[in-house]
Amino acid sequence: LAKTTQPISMDSYEGQEVNITCSHNNIATNDYITWYQQFPSQGPRFIIQGYKTKVTNEVASLFIPADRKSSTLSLPRVSLSDTAVYYCLVGPLYNFNKFYFGSGTKLNVKP
Amino acid sequence: EPEVTQTPSHQVTQMGQEVILRCVPISNHLYFYWYRQILGQKVEFLVSFYNNEISEKSEIFDDQFSVERPDGSNFTLKIRSTKLEDSAMYFCASSEDTSNTEAFFGQGTRLTVV
Chain C
22 LAKTTQPISM
32 DSYEGQEVNI
42 TCSHNNIATN
52 DYITWYQQFP
62 SQGPRFIIQG
72 YKTKVTNEVA
82 SLFIPADRKS
92 STLSLPRVSL
102 SDTAVYYCLV
112 GPLYNFNKFY
122 FGSGTKLNVK
132 P
Chain G
206 EPEVTQTPSH
216 QVTQMGQEVI
226 LRCVPISNHL
236 YFYWYRQILG
246 QKVEFLVSFY
256 NNEISEKSEI
266 FDDQFSVERP
276 DGSNFTLKIR
286 STKLEDSAMY
296 FCASSEDTSN
306 TEAFFGQGTR
316 LTVV
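So the sequence lines, in the order shown, correspond to chains C and G.
The first sequence begins at 22 in my numbering and counts up by one.
The second sequence begins at 206 in my numbering and counts up by one.
Isolated chain C (complex conformation) (with noise of 0.2 Å):
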């Protein structure tokens, strides 16, 4: 599984757009990106999945630029239900079957 790379920790503001960026230099060519979002004392919960180009659903955007080295999660207008740590996992679709969760990012929403 290719190993990721995201901060630590960042800050942000209710109602301001917020990236996390992660690094996975060492994708392979069929390794997929997923986020998931873990709050306080509970599992974690799938927010997006991508490959290429960019994906958005309801609750996020994704984006990965055409090397595929490096992938943004964006959430848009954040709230402080918000504040949670976001990982990012990279591996195969088809064998996806042992997800390895990194350290993550923790993001902190402020009123």
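Since the hints were made in silico from the structure, they are not lab data.
One thing to keep in mind: the hints can contain errors.
[Claimed, not checked] PhoX-like mimics (lysine-lysine), calculated; alpha carbons at most 25 Å apart, straight line: (1) G:K247 x C:K127; (2) C:K24 x G:K247; (3) G:K262 x C:K24; (4) C:K127 x C:K90; (5) G:K247 x C:K90.
Use these hints to put chain G onto chain C, whose structure you have.
The following block gives chain G in isolation, referenced to the frame of chain C:
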């Protein structure tokens, strides 16, 4: 929305005792997982399970651990002789299949070994 349920939410046990953590995965899911998270640390993969057998396990999942699907709905993790360092939050997860990276996690069982 369907969810993975885990019981108990908190278990306290004495060192050396056996514990069984229980999970009810989402009903049409085929793949099941156990993860653990020591306080303040990463979420660590323990084991994945498919078609009534272990498909992959980590170095953490040694002989003191076992998993079972005793009936059509439950998925259990047994720790035979608990150690202090087994204290952690244990998460069960399930997914429809391995071509889908959306795994659904339960709320976890906090295991405290004293």
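Taking the hints in turn, this is what the structure says about them:
With a C-alpha separation of about 12 Å, the suggested pairing of K247 of chain G with K127 of chain C holds against the 25 Å cut-off. Proposed proximity of K24 of chain C and K247 of chain G is supported: the alpha carbons are some 14 Å apart, at most 25 Å. For the proposed pair K262 of chain G and K24 of chain C, the alpha carbon gap of about 19 Å is at most 25 Å, so the pair holds. With a CA separation close to 22 Å, the supplied pair K127 of chain C and K90 of chain C stays within the 25 Å bound.
For the suggested pair K247 of chain G and K90 of chain C, the alpha carbons sit about 23 Å apart, so the restraint of at most 25 Å is met.
Of the numbered hints stated above, none is contradicted by the structure.
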